[in-house]
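Spelled out from the first residue to the last, the chains are:
2 protein chains.
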Amino acid sequence: MSENTKFVLSEDEMPKEWYNINPDMPVNPAETAWNAVLHPGTKEPVTPEFLSALFPMRFIGEAVSMDRWIEIPEPVREIYRLWRPSPLYRARRLEKALDTPAHIYYKYEGVSPVGSHKPNTAVVQAFYAKEEGTLGFTTETGAGQWGCALAMACKFFELECHVYMVKVSYEQKPYRRVMMQNYGANIHPSPSDITNFGQQILADDPNSPGSLGIAISEAVEAAVASQGKLKYALGSVLGPVLMHQTVVGLETIKQFDLAGEYPDVVIGCIGGGSNFSGFAFPFLHQNFTNNTETRVLAAEPMSCPTLTKGEYTFDFGDSAGMAPIVKMHTLGHNFVPAGIHAGGLRYHGMAPHVSALYDNGNIEAVALPQLSTFAAGRQFAQAEGIVPAPETTHAVKAAIDEAIKCKEEGTSRVITFNLCGHAHFDLSAYDDYLQGALHDHEYPEEEIKDAMQHLPEVSL
Amino acid sequence: MSENTKFVLSEDEMPKEWYNINPDMPVNPAETAWNAVLHPGTKEPVTPEFLSALFPMRFIGEAVSMDRWIEIPEPVREIYRLWRPSPLYRARRLEKALDTPAHIYYKYEGVSPVGSHKPNTAVVQAFYAKEEGTLGFTTETGAGQWGCALAMACKFFELECHVYMVKVSYEQKPYRRVMMQNYGANIHPSPSDITNFGQQILADDPNSPGSLGIAISEAVEAAVASQGKLKYALGSVLGPVLMHQTVVGLETIKQFDLAGEYPDVVIGCIGGGSNFSGFAFPFLHQNFTNNTETRVLAAEPMSCPTLTKGEYTFDFGDSAGMAPIVKMHTLGHNFVPAGIHAGGLRYHGMAPHVSALYDNGNIEAVALPQLSTFAAGRQFAQAEGIVPAPETTHAVKAAIDEAIKCKEEGTSRVITFNLCGHAHFDLSAYDDYLQGALHDHEYPEEEIKDAMQHLPEVSL
Chain A
1 MSENTKFVLS EDEMPKEWYN INPDMPVNPA ETAWNAVLHP GTKEPVTPEF
51 LSALFPMRFI GEAVSMDRWI EIPEPVREIY RLWRPSPLYR ARRLEKALDT
101 PAHIYYKYEG VSPVGSHKPN TAVVQAFYAK EEGTLGFTTE TGAGQWGCAL
151 AMACKFFELE CHVYMVKVSY EQKPYRRVMM QNYGANIHPS PSDITNFGQQ
201 ILADDPNSPG SLGIAISEAV EAAVASQGKL KYALGSVLGP VLMHQTVVGL
251 ETIKQFDLAG EYPDVVIGCI GGGSNFSGFA FPFLHQNFTN NTETRVLAAE
301 PMSCPTLTKG EYTFDFGDSA GMAPIVKMHT LGHNFVPAGI HAGGLRYHGM
351 APHVSALYDN GNIEAVALPQ LSTFAAGRQF AQAEGIVPAP ETTHAVKAAI
401 DEAIKCKEEG TSRVITFNLC GHAHFDLSAY DDYLQGALHD HEYPEEEIKD
451 AMQHLPEVSL
Chain B
1 MSENTKFVLS EDEMPKEWYN INPDMPVNPA ETAWNAVLHP GTKEPVTPEF
51 LSALFPMRFI GEAVSMDRWI EIPEPVREIY RLWRPSPLYR ARRLEKALDT
101 PAHIYYKYEG VSPVGSHKPN TAVVQAFYAK EEGTLGFTTE TGAGQWGCAL
151 AMACKFFELE CHVYMVKVSY EQKPYRRVMM QNYGANIHPS PSDITNFGQQ
201 ILADDPNSPG SLGIAISEAV EAAVASQGKL KYALGSVLGP VLMHQTVVGL
251 ETIKQFDLAG EYPDVVIGCI GGGSNFSGFA FPFLHQNFTN NTETRVLAAE
301 PMSCPTLTKG EYTFDFGDSA GMAPIVKMHT LGHNFVPAGI HAGGLRYHGM
351 APHVSALYDN GNIEAVALPQ LSTFAAGRQF AQAEGIVPAP ETTHAVKAAI
401 DEAIKCKEEG TSRVITFNLC GHAHFDLSAY DDYLQGALHD HEYPEEEIKD
451 AMQHLPEVSL
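Chains as they are written, first to last, in this note's numbering: chain A, 1 to 460; chain B, 1 to 460.
Okay, chain A solo, but in the shape it has when bound:
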């Protein structure tokens, strides 16, 4: 076992292939590939024409591929090298603070220029679009984490980037907007007056603060209206996006070789599923093929408990009911989670792959109250220096809980989590926490029950 604090790979050791979990899924592939994606209007499987108006062809192909390993194109690897391989840390100072026999390791994705794991897929989607002659992308963003990643990726490939940013975030959280504009992206506060849907919303309410659902609809409409000039980029949920993120977990496995250990518990925070999947799927692959028995744990917010309390059924991908329908764990597409600071985890649904694996018992999940996650984030920062993003604090809290369990049981286990982003753009959330202005939300039982009354009727 190495005495190091960090385990660092050379650029040559960066994975050359992503891990595609499709062939290893314990369910009928139809449940996770495009043929289980239903058109929101016809409720029939989506057509290739529908998909190709939105996504690059190579991206569409990845979704149905049954190849276990898919090559990472060299132009993508060239850009990955700007921050990858990212370091794996042994949290020695946190272990000491917890007085635990557990060994805690964290992978740090905050080293990317925009401070999160999101560029791992943004760069790929931009490369595919460029390769296919597309001029650029439309997308939506809430607080701006995904928008920043796509804006940077588009600039690297000299593509246009049109970001529909929820208006209330545009006005109240200017830092990520500035970051995107600095990369040359066009930012439209949503609802905007440049799409039909935006105009409709504004006609009803000129002061609409916007929502992620509205922004998605605007971005999709703008891509379709461009007649092939622009495509639509999504930062989570879809199979290829999860796969692009597996570079994270694949690096981590190599780094555990350097550390001379192997994890007993692998933890990621979860919203749409891409951060969790990218970190955890390579470990599941080891479980499937190498007889390891690593526990894989998803940490979600108590106020949006999609895995732990949701139903595994067909629902719309967006809250407006305009996006495709997929089979997933859902709280009902018109369930509106409480306004917690972990904005990236406020999604009513879940990536279909993750849902199927959870349903099959391959992964576990835990739902955590907000205050406990900020307390964990602060404890982590005081021990290790890095201040974790509000989303990430869910993984931190789950890891600390596992480490305390080790202490109580008197057993030493190896615990690892993905520190998928820092809090440099979210410090107002910590300010609220430190000033006692945050509170926990009760489990929204009634709201979820109501929302579940409005699932789409599907005959599949």
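It should be emphasised that the hints constitute simulated quantities derived from the structure, not laboratory data. Nothing false has been slipped in among the hints.
The list treats identical chains as interchangeable, and a pair is accepted whether it falls inside one copy or across any two copies.
Here are the simulated EDC-like cross-link-like pairs (lysine to aspartate or glutamate), alpha carbons at most 16 Å apart as the crow flies:
#1 K173 - D431
#2 K309 - E442
#3 K96 - E78
#4 K96 - E3
#5 K407 - E95
#6 K96 - E158
#7 K130 - E160
#8 K405 - D99
#9 K309 - D450
#10 K96 - D401
#11 K229 - E160
Based on these hints, arrange chain B on the given structure of chain A.
What follows is chain B alone, placed relative to chain A:
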């Protein structure tokens, strides 16, 4: 020559000693050590009692040491390992964008948890204080870069941290305040009502926005009044602080070995001098002892052109005339630079070591207008991803200018600069730049002439 994008050292390769330039200084050591530090009242060399009320003994000892290499204590190295060794990058994408035959390398200190080089000395000062039984530190901070570094270092050694933060920054730039509070520091908006000096200022003007000069005076008063319980920590200017930062340049030299090249030009932005010195002094050591002829270039703001336009003479270290007097390049201690966004470079004076080296012709300096530095920062971000802090953009601009010169001359040179911090907490500055709200300031000739009328009379 390596094809890599990054050059990364293992933890074992992290320097075990700092480089102390004292024995290699081309001037009488009296001009840079404590015996050239004069008491602001008596104008006589400061006494050991005066110094020991403010600084840890081991820190005082470093200032007068003539040992060329000083061991980095293991507890400091343990904490350095949380982010060190930091990466050296070849800016291949920027070279391409500039179409230059030059090779551009940047060292990236933004990987520290607080996003700058400042913890390299904060951790050392905290360790020395802990070792000597001190309870904690007082310090001042403007925008909060230094305050964050000291707050983190104090928490790591379980020391109290009392930061006097310029009130206008406390109110307008809450993010770094939150960061410090999250590490457990006590933040006092300055002027405060807990020091005599603060009370005086408030009596005259209850709405005083504060200044760095006032905050320094409050922090020094609070340290002295604590009767040894608290010491005072300074983040730049003093010899030991410059030395602690040499870990940056020493790593860089090892990384150039990996790259298979050696720099012709070494560039750092300069305010008080610690970032510049930490990066450049190890290269000067090579010039002194190994007959290299590397050009060493300091990049300062046109509106605070301390090296290029200042006089090399005795002046107060602070603007209030309450701090000790040292021989340095100065624009006059009551010169108030224009309110540029590179707050860390708005200092009327200069580290005595840097001043002596500049006076002797060992280093060069260039003064840059604000708009050109933001343009360079944006160009860098669009090529390399990382958004440089407003201070750092001065080094970026100087490096780009050198690279363009190479193109014009048709020669290939190796250029390196220290990317000493990212702009995550300074994005409002980029917002102003992108919105066209920034302008350049003319060289403040009259203001400097006026300020130079008020130098202290010194008989040395």
